[in-house]
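Visitor: Chain by chain, the residues:
Protein chains: 2
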Amino acid sequence: MIQKLISRIRETGAPVVVGLDPNMKFIPPMLFDDAKQSLERSENTDPFGDDELSVAAEAVWRFNKEIIDSVYDLVPAVKPQIAMYEQFGIAGMKTFWRTVRYCKEKGLIVIGDVKRGDIGSTSEAYARAHLGRVKIGNHDVPAFNEDFATVNPYLGSDGVKPFIDVCKEYDKGIFVLVKTSNPSSGEFQDVLTKDGRPVYELVADIVNEWGADSMDGDYSNVGAVAGATYPEQGRILRKLMPHAYILVPGYGAQGGKAEDLVNFFNEDGLGAIVNSSRGIIAAYTTEKYRKYGQERFAEAARAATRDMIEDIRGALNKS
Amino acid sequence: MIQKLISRIRETGAPVVVGLDPNMKFIPPMLFDDAKQSLERSENTDPFGDDELSVAAEAVWRFNKEIIDSVYDLVPAVKPQIAMYEQFGIAGMKTFWRTVRYCKEKGLIVIGDVKRGDIGSTSEAYARAHLGRVKIGNHDVPAFNEDFATVNPYLGSDGVKPFIDVCKEYDKGIFVLVKTSNPSSGEFQDVLTKDGRPVYELVADIVNEWGADSMDGDYSNVGAVAGATYPEQGRILRKLMPHAYILVPGYGAQGGKAEDLVNFFNEDGLGAIVNSSRGIIAAYTTEKYRKYGQERFAEAARAATRDMIEDIRGALNKS
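Line by line, the protein sequences are chains A and B. Counting in our numbering, the first sequence runs from 7 upward without gaps. Counting in our numbering, the second sequence runs from 7 upward without gaps.
What the hints contain is simulated information worked out from the structure, not anything from laboratory work. There's no promise every hint is true.
It does not matter which identical chain is used: a pair holds within one copy or between any two.
Said to hold, decoys possible - The calculated DMTMM-like cross-link candidates involving lysine to aspartate or glutamate, where the alpha carbons are at most 20 Å apart (straight line), are: (1) 141 - 57; (2) 10 - 146; (3) 200 - 211; (4) 174 - 274; (5) 167 - 193.
Note that the coordinates shown come from a computational prediction; the quantities given were computed from them, not determined experimentally.
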């Protein structure tokens, strides 16, 4: 699967992921009105929870669809953040499912930002839910069926290996959280161990081990997450995990700058893919793209995507 | 919320949680047949995924309902493991939702074993999905609405505090993963830091800090998870987090013994609640309860629950 992602990165010339994290604050009110009218017309009431949830989930779906239609030819991949869907219950999960399916129809690679992690058969169930197929009698059936998923390593190999096994079975991939982009990521991840190394470096070592048996060309289907907000750590992690693709959140809205991103790439110009969520999907709410207005939020997202790609290309060419 | 759990523990005399982790291997085939016939009669086809998923999810629902009806008067709480539902896609999430609702109707406290954890508004979305209500326009609406959720601490305070805030708003609680029950939990959790302490002790210290502002009587609404398979660590964690309720997985099928559980309790006889999943819901597949047969799987679960309660009471009385 990582080679499929690399091909798409080469085709688009954009090591960029659009994060589909539709926080309700970003969704233009008109989409709620449209969603409401459409659901009223269909007289579809949802026994699982509340009609309000269905309206919100429908508005999120409409928002996503316009964003996807507007950016799908520019970027190789999208990263829906499942929490933003799960909060709307069953209706929200339907929107997540529709979003994954639609993105794949448009040729996008889908990174499910699910940050799951448990042990043994439970991790296997998550892996089958998001990447593989679940076995039911003599059939095996896909559930959410993303291409990649993010995975939390706190429970150790017992939690991650079932994901790796499912990835091998279905040619999928994972990105393991190593050094996250948030301000408090250091509380546990940066703790210095007895031999003076931070915990995230130990995680990186084990990501390397986990990935060694999942090579797909020069890179492994076991990648890592490392935040753009920590470029020095990124430089170290790049060397510690030479074959891991690094998914880099934290560019833009969270403070990561293009010149810092260079640290996450290998000399072959590959090895990293940079995510922006708010900076793209909520571009119309920022000064720079305000002229588009809320009616043209998807055009603003396209402009912001183009600018981000150019920004990163510029930084990579300079290095 | 922790006082509500404590009251129910006192009423039942059982510091016991039944884990609703319906691995398909445990579900008697007759329930699949019933589910299939029932769905065929209703002519309800599910556009979101596959009918096979709906059959499996319906079988899981029927299995859960019989288990719940059989044990609800014996125990204070249940712990559905969401991965086992998520693997069946939308249909599975409906079964999760129904299970949570039904358990609450039966007076059970529901611990959503979701092990979520992200940052900022994303963690808030998870917290609203599972514990709070999501704000939609002028309304706020519950989604899955468990009473407690398990939370992964790897991302630090940014990931956990939004859960704590939502818990305060809706009188709910969390159990933070500190030392998990699985064999490889030590890979990162036991790493010794520069000052010679394992990482899980640092997590325990911060759980204490997080919990200090969420006291509800003598205990905090911020609890911890520590595995029965590590009783020595349990003894230390009990002292490090005097006000945290400890959710203890790993009893029974995973190898934790009743005499080891004493370490997780305080001198007031409170402070811990012990989970068993397979040992109860799949009791009918074990030698001890085989006489019930698959038709009477729920009766076997009741017998196994009674035996577990007696086992733990015995160990606590001896100590």
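Visitor: Confirm or reject each hint.
Guide: Tested hints:
1. In the homo-oligomer, the alpha carbons of residue 141 and residue 57 lie at most 20 Å apart only across protomers (13 Å), although the nearest pairing inside one protomer, at 32 Å, exceeds that limit.
2. Taking CA atoms no more than 20 Å apart as the test, residue 10 paired with residue 146 passes in neither setting, with 24 Å inside one copy and 42 Å between copies.
3. In this assembly of identical chains, the alpha carbons of residue 200 and residue 211 lie at most 20 Å apart whether taken from the same copy (16 Å) or from different copies (19 Å).
4. When the C-alpha separation of residue 174 and residue 274 is checked against a cutoff of 20 Å, the pair qualifies neither within a copy, at 25 Å, nor between copies, at 50 Å.
5. In this assembly of identical chains, residue 167 and residue 193 lie within 20 Å of each other by CA distance solely across copies; the values are 13 Å between and 25 Å within a copy.
In this structure, the hints that do not hold are numbers 2, 4, in rising order.
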